[in-house]
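Below are the chains, spelled out letter by letter.
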Amino acid sequence: MAIGTARGWILTCVAAAAVWAGDYDPTRDPLVNPPSLLEPPPHEADRIAGDDWIVRHLRAEPATLNPILTSSGHELTVQELLFDEPVVLGTGFEWTLNPAMAEAYSEADDHLSAELRLKAGLTWQDGVPLTAEDVVFAWEMIRSEHVPAVRARAAMDGVADCRAVNPLTVRFRFREALPTNRWRIKFPILPRHVYGRGVSDDPTLSRSDAHVQANRHPVGNGPYRLVDWSAGDRIVLERWAGYAGPRPHFARVIFRIVPDGNTALLMFKRGDLDEMMLTPQQFARDTQDERFARVGVKGWADQATVYCIGWNMDGTNPFFGDVRVRQAMSHALNMPLILNTVYDRLFSRSRGLFPPGSWAYNADIPLFDYDPKKAAALLDAAGWRVDAEDGWRYRNVVGADGTRTRVKFSFTLGFAQESKTSPQVAAVLQQDLRRLGVDMKLQALEYLTLRGRVFTRDFQAVVWAWTAEPEPDNAWNLLHSAARSGGQNFVGYADPDVDALLEQGRRSFDPQVRRGVYQALAAKVYEDAPYTFLINAPSLWAFHRRVRGVHFSPMGPAGFYPGARAWWAPAGEQLRGRP
Amino acid sequence: MLSLVGLVALVGVAVLRPVLASRLPVVCRYEGRLYFPGVVEVVRSVPFASLVAGEGRPFSLPSFDVETALAESSFGVRALIPYDPMAYSSDVRARPSRQHWLGTDDLGRDVAARLVHGTAVSLKVGLGAMALAGLIGIALGAWAGYAGGIVDMAVSRLIELVMCFPVFFLILAVMVWVEEPGVNHVILVIGLTAWTPIARLMRAEMLRLRDSELATAARALGAGPVRVLLRHLLPNAMAPVLVTITFGVGHAILIEAALSWLGFGVPPPAPSWGVMLRSAYDQIHSAPFLVYPPCVAIFATVLMVNWLGEAVRDVADPRGESENLVPG
Amino acid sequence: MVRYVAKRLLLAGVTLVGITIVTFAVTRLAPGDPALEAVSRGGASTMSAEAYARLRTYYELDQPVTRQYAAWLGRVVRLDFGRSFHDGRRVTDKIGERLPATLCLAGGAVVLSLAVAVPIGLASARRAGGVFDTVAGGILAALYSVPRYVMAMLLIVVVGVHLDWFSPYGLRSENFEDMSYPGKAADLARHFALIVFCFAYPLIAYQARFIRGNLLEVLGQDYVRTARAKGLPERVVLHRHAFRNTLLPLITVVGLLVPSALGGSVILETMFQWPGIGQLLFQAMTQRDYPVVMALTVVAAVVVLLCTLLADLTYALADPRVRYA
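Read top to bottom, the protein sequences are chains A, B and C. So the first sequence is residues 1 to 579, counted in this note's numbering. So the second sequence is residues 1 to 328, counted in this note's numbering. So the third sequence is residues 1 to 325, counted in this note's numbering.
Quick caveat, the hints were computed from the structure, so don't treat them as lab data. Built from N, CA and C at the ideal position, the CB exists for glycine as well. A couple of the hints might just be wrong.
Here are the simulated SDA-like cross-link-like pairs (lysine to any residue), alpha carbons at most 25 Å apart as the crow flies [stated by the list, open to error]:
id : chain 1 : residue 1 : chain 2 : residue 2
1  : A       : K374      : B       : S90
2  : A       : K408      : A       : K441
3  : A       : K420      : B       : A87
4  : A       : K441      : B       : E41
5  : A       : K420      : B       : P288
6  : A       : K420      : B       : I284
7  : A       : K408      : B       : G182
8  : B       : K124      : C       : S260
9  : A       : K420      : A       : F347
10 : A       : K420      : A       : D289
11 : A       : K374      : A       : K524
12 : A       : K524      : A       : Y361
13 : A       : K119      : A       : N98
14 : A       : K408      : A       : D458
15 : B       : K124      : B       : V13
16 : A       : K524      : A       : S481
17 : C       : K7        : B       : E41
18 : C       : K184      : A       : D272
19 : A       : K441      : B       : S90
20 : A       : K374      : A       : D364
21 : A       : K420      : B       : P268
22 : A       : K373      : B       : S89
23 : A       : K441      : B       : V174
24 : A       : K441      : A       : V407
25 : A       : K420      : B       : G103
26 : A       : K420      : C       : L154
27 : C       : K7        : C       : Y315
28 : A       : K186      : A       : D289
29 : A       : K441      : B       : A87
30 : C       : K184      : A       : R270
31 : C       : K7        : B       : A154
32 : A       : K374      : A       : R395
33 : A       : K420      : B       : E41
34 : A       : K441      : A       : R457
35 : A       : K420      : B       : Y292
36 : A       : K408      : B       : A270
Example chain C residues on the side facing chain B (calculated, C-beta under 7 Å, incomplete) [said to hold, decoys possible]:
id : residue
37 : V14
38 : T15
39 : I19
40 : V146
Kindly generate the complete structure, drawing on both the sequences and the hints.
Quick look at the structure:
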């Protein structure tokens with residue numbers, strides 16, 4: 001203990017010195033990415049603590065654990081340990097077969113059909129055999145309009161047909177011959193014997209008593225099984241002995257539901273949590289003390305999350321249809337200050353659609369610099385002139401019926417109330433725009449409301465974020481003009497050149513051609529600024545000192561295969577559970 | 001009494017906030033003319049006074065940069081705390097110093113300036129909400145107590161109904177579901193729920209006074225029932241009610257702070273004390289000194305209001321018939 | 001007496017109906033269409049007209065308001081509050097599993113506050129104007145002005161984290177099941193202490209002042225002077241005669257504290273991770289989970305109504321003057 005404390009003090013002094021010098025530099029922080037955190041498990045099983053429990057942090061309580069109904073990150077965090085899918089994301093963000101479930105995958109030469117062969121002898125956690133029929137059942141359920149499985153449905157849209165050729169083989173037929181077809185079969189599977197009976201009574205899979213019960217205490221096929229869920233408090237998973245794949249090292253995974261980030265950090269420092277995601281401020285400042293150094297280490301790695309501001313240009317407002325206005329907004333954003341103060345020098349500027357880890361990343365795109373004079377000139381050119389009387393900008397707008405009205409440049413920026421960084425970015429932009437004569441009002445909305453507004457395109461400007469998918473073709477859904485209604489093109493962007501690039505990238509099978517196309521796409525979209533891209537958010541995580549085997553993918557330390565299943569603790573450092 | 005002085009000082013701070021804490025100078029000479037930007041701001045912040053708005057130009061123009069413009073001017077008296085409460089800077093989380101008396105917050109905004117401007121929000125809510133509650137409570141309570149019968153029964157049921165709902169639930173519900181919450185929503189909601197103790201008290205007083213000698217004498221002089229109520233009974237019944245209203249102001253301030261803390265009160269980046277407290281809590285590890293200014297401000301204000309209420313009670317209601325508002 | 005009780009119950013019934021109407025109106029008037037919200041919650045931006053119509057039928061939005069109210073009332077009477085919009089579980093279940101935690105909290109706070117307030121009030125009244133009275137009064141007035149969440153903040157950081165005496169989060173520790181019975185009791189107490197204190201300290205101030213004021217009034221009465229003239233020691237006068245008469249108003253006051261307790265639980269339960277109905281209400285509000293919000297509001301209002309009724313009836317039982325007013 002004395003050594004631990006001394007180490008803690010030394011580390012604190014070093015880290016504190018770094019902070020007092022004014023700069024937090026994660027590369028000089030000894031607690032960040034220590035070699036122990038990333039250490040793979042040894043071959044000798046007795047060096048691993050096989051009975052340890054790990055306590056993980058959940059930001060919100062899952063509404064359901066049914067894999068085709070889950071839609072938010074915290075639901076997926078729990079569900080990925082309960083359910084296995086045949087096709088998964090590998091450590092490098094690539095498409096890969098789950099070795100515990102799938103035997104082989106073969107696509108026909110014309111790319112219009114494919115076969116997936118499952119391993120023999122697989123079962124669900126209640127002992128019932130897992131067959132191709134379960135895959136087909138899941139496909140039918142996702143496709144059904146009554147089931148609110150919109151997320152999964154968008155992914156497998158291109159699959160025309162799915163049937164079980166024999167108990168272990170599923171044959172898919174695709175609508176078109178595209179290089180992205182094998183991504184279309186990446187969807188979760190459901191136990192047919194649990195849900196199949198009640199489908200006629202309750203086609204939504206979420207209303208009858210039986211279905212609600214099944215959604216909360218699911219029968220999965222993954223390495224863990226749910227043993228307890230006390231509402232609002234914790235969810236307890238236990239290792240399932242009958243799992244066919246590699247045995248996870250922690251005997252129990254306990255998820256503590258703690259909505260407040262401060263509370264969670266305090267709990268972590270007390271030793272009540274073993275893992276949690278950190279905000280930039282927590283990473284740079286709140287974890288510099290001795291208490292944290294005694295129990296925790298930090299992980300910092302690139303992630304495929306992009307933050308941006310979306311400008312609605314579907315014509316419901318007279319401001320953002322003009323590219324000059326959008327570019328002016330981009331120039332008015334004081335990114336250097338925001339990077340320093342809001343993001344604590346931990347984040348890097350985004351260069352558009354594709355994050356640095358993606359093969360479609362274009363490193364040559366010139367960034368918008370903070371230039372209020374240029375912004376003013378662009379606004380003037382777009383017709384928004386400063387009124388000498390009151391200092392705000394006005395323009396004469398011709399309505400559909402020909403009437404001219406004088407419109408003030410005043411709009412509302414919406415953002416999520418729960419976010420720790422969006423309000424600050426908004427406040428900075430508000431001040432800068434005010435000096436330019438633009439009146440930006442801020443509206444903090446609760447996340448669900450905000451999401452609802454965005455989905456129904458009821459906004460003028462919004463602070464938004466998404467995690468880039470591994471397949472760049474997903475940009476089609478974001479930017480193609482056909483995706484304006486029904487897809488995720490919330491800002492109403494429509495550019496024929498961009499449409500053409502998207503089509504080309506979607507259809508060519510040559511990787512070199514695709515790369516060039518998507519890089520050109522990224523450059524064009526960045527400059528057109530339907531979204532003002534802010535930053536690429538890295539993974540910022542805190543782990544208990546004893547946790548090892550963490551690997552950071554572009555999705556974070558979990559969300560891929562094997563993800564959280566590969567974490568382990570050394571035998572001598574078991575903290576919880578029964579030895 | 002000390003608390004009265006303190007409260008008057010607070011009101012003064014709230015009204016004069018553009019003079020106390022602002023980037024605009026109080027008075028200066030710019031391009032040959034004498035301007036009073038701070039004073040104009042004070043006048044403009046009072047409702048219905050936008051007639052004087054033009055007088056502040058060019059200082060009132062959003063694009064006018066005070067720093068560069070005044071560099072050439074020959075004379076200027078800066079405000080006491082020469083910072084705008086909304087202006088961010090890169091001097092983030094600075095400890096209290098001579099430049100920033102109470103330090104700066106996570107966006108480099110001066111805490112003292114935000115504290116001063118937050119006074120206006122808290123006092124507006126406290127006084128406005130209780131004015132509304134007082135109006136409703138006195139009117140309904142007096143009517144019920146004086147008229148009796150069906151009216152009394154109906155109003156008593158209404159009072160009971162409103163009192164059954166945990167006030168904070170109702171207020172939170174409204175604020176959560178209002179799309180664009182603002183100070184006025186908070187005032188309205190608190191006022192519409194805080195009137196019940198006032199009404200009950202007024203009703204009790206009215207019942208007591210209705211058949212008293214005072215009323216009999218007034219009627220004997222030929223006064224009609226309305227006149228008896230308004231001119232004779234009401235003034236005599238006001239005393240305990242005033243005590244309750246005074247305590248209610250502190251209560252309203254606490255509720256507004258709680259709402260802003262939860263994120264459903266005055267929306268950021270407005271400088272409400274509750275908002276400041278919340279953001280200070282979020283940074284309690286890295287900048288603990290940010291917690292104290294709003295804490296002390298809320299505590300001191302509510303304490304002074306409570307003291308004032310006690311003093312008023314000593315004078316107006318020695319029998320102690322009024323009630324404290326129950327802590328919530 | 002019976003006539004008074006009957007009349008009071010009848011009036012309470014009227015209020016009860018009023019509660020249901022107000023609750024129903026507030027939630028139906030709230031902005032947002034539950035059917036549309038369900039759509040956006042599922043992640044979609046559009047849906048077919050047929051699916052939307054189905055949702056509207058499911059949420060009974062296609063019926064006139066009065067019929068919706070009648071249907072809802074009919075179910076509420078049978079304690080069927082419908083299903084949560086958020087996760088489809090029965091609302092009754094969701095409330096039922098969290099109600100004990102909040103009741104424990106409220107009960108514990110009332111007990112703690114009475115245990116502290118009564119002696120302080122007694123002592124203050126005994127030597128009114130003395131040193132103890134002034135000092136205690138000052139401290140209590142100061143405490144009364146501190147918002148609950150500020151106190152909670154300070155306690156969590158100082159006591160919970162730095163001093164580590166009490167556990168500031170949740171109901172119990174990880175290895176609760178493995179503890180012995182005394183261990184379990186101690187663990188519960190450790191988790192209970194901070195949040196109950198935060199709940200109780202404004203109540204202490206309020207009740208102590210109330211007792212003091214009431215006692216002073218009582219002590220000035222004739223029968224007390226008689227008791228003193230009889231030569232009884234002051235202590236007996238205070239406890240046996242004067243305090244007894246304060247007891248009844250105190251019960252009334254405690255009954256009135258219930259609504260404020262329910263309201264105050266929202267912030268405290270969120271900060272201390274206490275799984276009670278205050279936390280549930282806050283989450284339900286932010287999730288637009290109308291069935292849960294409606295159910296909780298009705299339950300809370302009914303509880304308050306019962307407490308007020310009980311307080312009034314107890315008062316009437318003891319003080320005959322009230323019955324004939």
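Status of the hints after comparison with the structure:
Pair hint K374 of chain A plus S90 of chain B holds up; C-alpha atoms about 22 Å apart against a cutoff of 25 Å. Taken as a hint, the K408 of chain A and K441 of chain A pair is honoured in the structure, with Cα atoms around 13 Å apart against an allowance of 25 Å. Our distance criterion of 25 Å between C-alpha atoms is met by K420 of chain A and A87 of chain B, whose separation comes to about 19 Å. For the proposed pair K441 of chain A and E41 of chain B, the alpha carbon gap of about 21 Å is at most 25 Å, so the pair holds.
As the CA atoms of K420 of chain A and P288 of chain B are separated by approximately 18 Å, the hinted pair is consistent with the 25 Å bound. For the hint pairing K420 of chain A with I284 of chain B, the CA-to-CA distance comes to about 14 Å; that is within 25 Å, so the pair holds. Between the alpha carbons of K408 of chain A and G182 of chain B the distance comes to roughly 22 Å, so the proposed pair stays at or under 25 Å and holds. Our distance criterion of 25 Å between C-alpha atoms is met by K124 of chain B and S260 of chain C, whose separation comes to about 24 Å.
In summary, the hint linking K420 of chain A to F347 of chain A is supported, as the alpha carbons are separated by about 14 Å, within the 25 Å threshold. Restraint check for K420 of chain A and D289 of chain A: the C-alpha separation of about 21 Å stays at or below 25 Å, so the hint holds. Note on K374 of chain A and K524 of chain A: the hinted pairing holds, with a Cα-Cα distance of about 20 Å set against a maximum of 25 Å. With a CA separation close to 13 Å, the supplied pair K524 of chain A and Y361 of chain A stays within the 25 Å bound.
With a C-alpha separation of about 10 Å, the suggested pair K119 of chain A and N98 of chain A falls inside the 25 Å cut-off, and the hint holds. Of the pairs offered as hints, the one joining K408 of chain A and D458 of chain A holds, with about 20 Å between alpha carbons and a cut-off of 25 Å not exceeded. In summary, the hint linking K124 of chain B to V13 of chain B is supported, as the alpha carbons are separated by about 12 Å, within the 25 Å threshold. The straight-line distance between the Cα atoms of K524 of chain A and S481 of chain A is roughly 15 Å, inside the 25 Å bound, and the hint therefore holds.
With a C-alpha separation of about 59 Å, the suggested pairing of K7 of chain C with E41 of chain B is violated against the 25 Å cut-off. Our distance criterion of 25 Å between C-alpha atoms is met by K184 of chain C and D272 of chain A, whose separation comes to about 17 Å. Restraint check: the Cα-Cα separation between K441 of chain A and S90 of chain B comes to about 22 Å, which is no more than 25 Å; the hinted pair holds. Of the supplied pair hints, the one linking K374 of chain A and D364 of chain A holds, its CA atoms being roughly 22 Å apart against a limit of 25 Å.
A threshold of 25 Å between alpha carbons decides the hint, and for K420 of chain A with P268 of chain B the separation of about 12 Å falls inside it, so the pair holds. In summary, the hint linking K373 of chain A to S89 of chain B is supported, as the alpha carbons are separated by about 19 Å, within the 25 Å threshold. With a C-alpha separation of about 21 Å, the suggested pair K441 of chain A and V174 of chain B falls inside the 25 Å cut-off, and the hint holds. Between K441 of chain A and V407 of chain A the CA atoms are separated by roughly 16 Å; this keeps the pair inside 25 Å, and the hint holds.
For the given pair, K420 of chain A sits about 21 Å from G103 of chain B by alpha-carbon distance, which is consistent with the 25 Å threshold. Simply put, K420 of chain A and L154 of chain C have alpha-carbon atoms about 22 Å apart, close enough for the 25 Å limit, and the pair holds. Distance restraint check for K7 of chain C and Y315 of chain C: the Cα-Cα separation of roughly 15 Å lies within the 25 Å cut-off, and the hinted pair is therefore satisfied. For a cut-off of 25 Å, the pair hint linking K186 of chain A to D289 of chain A is broken: about 44 Å separates their Cα positions.
Of the pairs offered as hints, the one joining K441 of chain A and A87 of chain B holds, with about 15 Å between alpha carbons and a cut-off of 25 Å not exceeded. Note on K184 of chain C and R270 of chain A: the hinted pairing holds, with a Cα-Cα distance of about 20 Å set against a maximum of 25 Å. Of the pairs offered as hints, the one joining K7 of chain C and A154 of chain B holds, with about 14 Å between alpha carbons and a cut-off of 25 Å not exceeded. With a CA separation close to 19 Å, the supplied pair K374 of chain A and R395 of chain A stays within the 25 Å bound.
With a CA separation close to 32 Å, the supplied pair K420 of chain A and E41 of chain B exceeds the 25 Å bound. With a CA separation close to 18 Å, the supplied pair K441 of chain A and R457 of chain A stays within the 25 Å bound. Distance hint between K420 of chain A and Y292 of chain B is fulfilled; the C-alpha atoms sit about 21 Å from each other, no more than 25 Å. Between K408 of chain A and A270 of chain B the CA atoms are separated by roughly 23 Å; this keeps the pair inside 25 Å, and the hint holds.
Taking 7 Å as the C-beta contact cut-off toward chain B, the hint placing V14 of chain C at the interface holds, the least distance being around 6 Å. A cut of 7 Å between beta carbons decides the hint on T15 of chain C: the least distance to chain B is about 5 Å, and the hint holds. The beta carbon of I19 of chain C is positioned within 7 Å of a beta carbon in chain B (closest approach about 6 Å), and the interface hint is therefore held. About 6 Å separates the beta-carbon of V146 of chain C from the nearest beta-carbon of chain B, less than 7 Å, and the hint is met.
The structure fails to meet hints 17, 28 and 33 from the earlier list, while all remaining hints are met.
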